[in-house]
Structure formats: structure tokens, C-alpha cells
Amino acid sequence: MSNIVYALLGGFLLGIATVGYLYINGRIVGVSGLIAQILMPSKDTFKGSAFWFIAGLVITPVVYGYFYHPQIEIKANVFALILAGLLVGFGTRLGSGCTSGHGICGMSRLSKRSMIATAVFMFAGMLTVYIIHHVLD
Amino acid sequence: MKNIFAFIFGGLFSLGLMISGMSNPEKVLGFLDIFGQWDISLMFVMLGAIAVAFIPFQKAIKNPKTIFNEQIQLPMNTQIDQRLIAGAFIFGIGWGIAGICPAPALTLIGLGHFEALYFVVAMLLGMFIYRVLNKGN
Chain A
1 MSNIVYALLG GFLLGIATVG YLYINGRIVG VSGLIAQILM PSKDTFKGSA
51 FWFIAGLVIT PVVYGYFYHP QIEIKANVFA LILAGLLVGF GTRLGSGCTS
101 GHGICGMSRL SKRSMIATAV FMFAGMLTVY IIHHVLD
Chain B
1 MKNIFAFIFG GLFSLGLMIS GMSNPEKVLG FLDIFGQWDI SLMFVMLGAI
51 AVAFIPFQKA IKNPKTIFNE QIQLPMNTQI DQRLIAGAFI FGIGWGIAGI
101 CPAPALTLIG LGHFEALYFV VAMLLGMFIY RVLNKGN
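Chains A and B, in that order, give the protein sequences. Counting in our numbering, the first sequence runs from 1 upward without gaps. Counting in our numbering, the second sequence runs from 1 upward without gaps.
Possibly wrong hints are sitting among the right ones.
Pairs of lysine-lysine residues, derived as DSS-like cross-links and limited to a Cα-Cα distance of at most 30 angstroms, are as follows [what the hints assert, rightly or not]:
hint, chain 1, residue 1, chain 2, residue 2
1, B, Lys62, A, Lys43
2, A, Lys112, B, Lys65
3, B, Lys65, A, Lys43
Only some residues are given here: those of chain A computed to face chain B with a beta carbon under 8 angstroms [said to hold, decoys possible]:
hint, residue
4, Ala7
5, Gly10
6, Leu22
7, Ile38
8, Pro41
9, Ala55
10, Tyr64
11, Tyr66
12, Pro70
13, Lys75
14, Ala80
15, Ser96
16, Gly103
17, Met122
18, His133
19, Leu136
Calculated directly from the structure, the hints in this document are not laboratory data. Built from N, CA and C at the ideal position, the CB exists for glycine as well.
Working from the sequences, and respecting the hints, build out all of it.
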């Protein structure tokens, strides 16, 4: 039960951050897109809101980590982490979005494109977990 | 000024990920493991975020102006094509392998879980490969 309360509270914060970025910075929060934007830094990178959003995303946990230690467990080995990263990087660019851009912003816009993308990546994720943990294991 | 807000929204976003449990790869894999000990709590992250974001996003569709009266840029593409489906599917496979999507990957680095760097560097490489293969797009 408390898991669900924390999930909801965390979700509210994600929603607030997304709405704030939309109404102040004028863009949707699509984290894979923001990362891609700053992948090739130019003179203007530091003037752009994408850079500062990503900076907040990375630096806040540094501070938070001093006070709290959220439970983190990474079981994937190095090879799995590299393979997963490659697929996530390539796939989010080809499919124009990830869990934030399609999952939160796209669904809130009632975009059919994002609904389909969200359904597809959830299905692929569930299928992958099923194959790794129940077929191969 | 706007960049300070972008930084704060990035920070709120990472807080949301850490509080909700989305930044814990093992928990994400539990959410995707519908045929195992399914941990459905993370479904409420998306529901919470959409509950907050839905009305403001719908308003932004009707009147796409920021509080500074600048244009809000919403995605225009409505095409449901093979790129979208294939991209979302590839992303989902990567998500299912490690339980990490782009925003939590960066949060993990901030928290000092440096094994996530394997994932992040590979993700950047995946985005870079996409860019090289799609020159001009």
C-alpha cells in the first residue's frame, strides 16, 4: 500500500515538473529528446533549457543522496547494461520518445501516436522480462 | 531566469523518480514482470503524473502560450508509422533488459551508482549511431 502512495506522490512531482517546463520553458519534457539535444554541444548549449533541465536531473540526486538513500538494486551485468543502453538510445531516437515524452506528455495530450508507442514499449519490456526471467532462466 | 526554472523542474523530476521507485531498476523489472511477482505499484507513477498534467496539457493544446506569452511547441507529428513502432519496440527491449530508461539512468549517476555509466555511455552511443544513420533527418 505505501508503495502505491509513494508511486502516486512521485508521479505528482513528475506531473508538476512537466507542467512547469511546458508553461515556462515552452516544451514538453521528453528526457531522451533533451539528452539528444545536448549530445552535440555547441556554444549555445548552456543557454538552452534542455541543458539546465538535465543538469537539475543529475545534480539533485547528488544532494538528495546525502540525506536519504533510496533503495537501488542494479542486477544487470556490464554486458547487459551496455546492450540495454545501446537499444534504449537508438530506440528512443527512432521512436521519437521514451517513458516521459510518450508516456507522460503524450498520454496527457491524448496523442494516438504516443499511446501506441507507450503500449508497444510496455509490451516489449514485459515480453523481454518474460523471456529473460521465465524462458531463459 | 527561465533556465533556473528548467534546473528546478529537472530537480523535481528526479525527486519524483526517486520517491516513486522508478529510479530502482529492480523495481522497474518487477513492474514489467507480469508473469512473476508482479509489482503493479509503478503503474501509479504514470497515473499520478497524468492526473496532474492532463488538464494543463489540454489547455496548452487550445492555447499554446507560456506564462511569458511565448509559443509552446507541441509535437506536430501524428503519423503512426514503422519507425514509431520499431523504435518503441527496440526501446522496450532495452528497458526490459536492465530496467532503466533515460531519465532514471541520469538519476542513478547522480546518486553515485556509477555502474549505470555503462548504460548511459552506451545510450549516448546508440543516439549517436541513430544520428549518423539518419543524416539530414
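Against the structure, the hints come out as follows:
no., hint, verdict
1, Lys62(B) - Lys43(A), "34 angstroms, violated"
2, Lys112(A) - Lys65(B), "23 angstroms, holds"
3, Lys65(B) - Lys43(A), "27 angstroms, holds"
4, Ala7, "4 angstroms, holds"
5, Gly10, "2 angstroms, holds"
6, Leu22, "6 angstroms, holds"
7, Ile38, "10 angstroms, violated"
8, Pro41, "12 angstroms, violated"
9, Ala55, "6 angstroms, holds"
10, Tyr64, "6 angstroms, holds"
11, Tyr66, "10 angstroms, violated"
12, Pro70, "5 angstroms, holds"
13, Lys75, "6 angstroms, holds"
14, Ala80, "5 angstroms, holds"
15, Ser96, "7 angstroms, holds"
16, Gly103, "6 angstroms, holds"
17, Met122, "7 angstroms, holds"
18, His133, "6 angstroms, holds"
19, Leu136, "12 angstroms, violated"
In the structure shown, a violation is registered for the earlier hints numbered 1, 7, 8, 11 and 19, in ascending order.
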